[in-house]
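Those protein sequences? They're chains B and V, same order as listed. Heads up, the first sequence stops at 1493 in this note's numbering, and the numbers go up one at a time, no gaps. Heads up, the second sequence stops at 1493 in this note's numbering, and the numbers go up one at a time, no gaps.
Hints are not guaranteed to be accurate.
Copies of the same chain look alike in the list, so a pair counts if it fits in one copy or across any two.
[Said to hold, decoys possible] Straight-line Cα separation of at most 27 Å, BS3-like style, residue types lysine-lysine; simulated pairs:
no.	residue 1	residue 2
1	K1433	K1393
2	K1433	K1345
3	K1269	K1295
4	K1393	K1428
5	K1428	K1320
6	K1413	K1345
7	K1289	K1428
8	K1320	K1448
9	K1433	K1289
10	K1314	K1413
Hint data in this document are derived by calculation from the structure and do not stem from the laboratory.
Here is how the chains run, residue by residue.
2 protein chains.
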Amino acid sequence: MSRIYIVGIGPGNLLDMTTRAKNTIEVADVVIGYSTYVDLIKDYFPGKHFMISAMTREVERCELVMKKALEGKNVALISSGDSGIYGMAGIMIEVVNKSGHQIPIEIIPGITAASTASAVLGAPLMNDFAVISLSDLMIPLEAIYKRVECAAVGDFVVCLYNPKSKTRSGYMEVAREIILKYRSIKTPVGIVRNAGRQNEKYEITTIENMLDYEIDMFTIVIIGNSMTYIENGRIITPRGYKFKQA
Amino acid sequence: MSRIYIVGIGPGNLLDMTTRAKNTIEVADVVIGYSTYVDLIKDYFPGKHFMISAMTREVERCELVMKKALEGKNVALISSGDSGIYGMAGIMIEVVNKSGHQIPIEIIPGITAASTASAVLGAPLMNDFAVISLSDLMIPLEAIYKRVECAAVGDFVVCLYNPKSKTRSGYMEVAREIILKYRSIKTPVGIVRNAGRQNEKYEITTIENMLDYEIDMFTIVIIGNSMTYIENGRIITPRGYKFKQA
């Protein structure tokens, strides 16, 4: 029986993909994804049958995947980062469940953007953290801001996905103001654009100065907790290990 | 000049390791890690020089890594899951910084346990989530419980790492009581033991019944938000996509 694989490709380069993800794409009859992500990987899989779909067409994309699976094809639906973190896993399962069809679905994780960005910045995620998307396409904005506030109160390190897009501006600024009610203006902030991709750029700054840098939909923003510090160009959130006296 | 690589090996099987992690271990002169994690991967790298260290000896382990690097060796320090999420990246950077030595350090992310567990359970992490370790070896317990409460108030999906160990019991029960103040007793809960490893076991249950299952230090517990539901044996946190009427 044909299967649907929901494959997390990580940042999109072959080195940061798992062997399972690579093998799955190699043996799939057809690979379906948003055009930007297909473009990232298609040269690694010459001769592979790729099909692309537009960014806001997630339901249609999943219906296409299901159609191909019902035609007897093994389909790999690709998702950037981890397919299970703000990825295609949920909507794909929902589309199949609602259709009533019985199609085996396998979810293959990838390196999520928080991990890729964190590795670039140093070690900001050594302690508890909250992952929040600032995209309000599917979620009320007030629920997002409430989460930012709860994360700030709990002294979580905060990872912001989708901090800005062409149609959404000002959210990052509001989130920053909320966090500032609870955290020092000198708190370290890491801004990573195109993490793990060509043209990767990063900045290590503070809440005070974070708005001076370019932040867009390809950017991850990591805001430290009350213990986070910057040393030798890296952001570190200590876990509390005891060191010998020098 | 020799380098230190802090390598996230993911769950520990070769298929779920990235190519970058695998390549790095292959070319390293020596690979150092906690014995449990060395045991997971050593058969994949025959002839490789492995050195092991005990679990609570993180500082000593990093000092050994630094010593080997100062001897001119390229050293891979392995860390389960993602080296940057509760992993060895922070302490390794801190040990080198405090020593005053200038040794290049590269962090190589891996699939974190939340991703591996999530893929087993379905799609619980399609919306904002908080990652909390219940280990109070390095963090005051009251700070941990405060975070659990903040995550509950913010309606975050909650991923609990290190929910229990031989010396820590009862924390999971307290965390559950805190979350229950804000969330229905029918909220879906996924419990994954040895995620991505041999002997992987998982349970899909609810807050009501979660304590009926075995939870130990090799277990990840994922507690849904107010929207999370169970269908066809999978946990799904919907993102809010609109479906066509059937």
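Starting from the hint list further up, note which numbers the structure goes against and sort them upward.
Those not satisfied are hints 5, 6, 7, 8, 9, 10.
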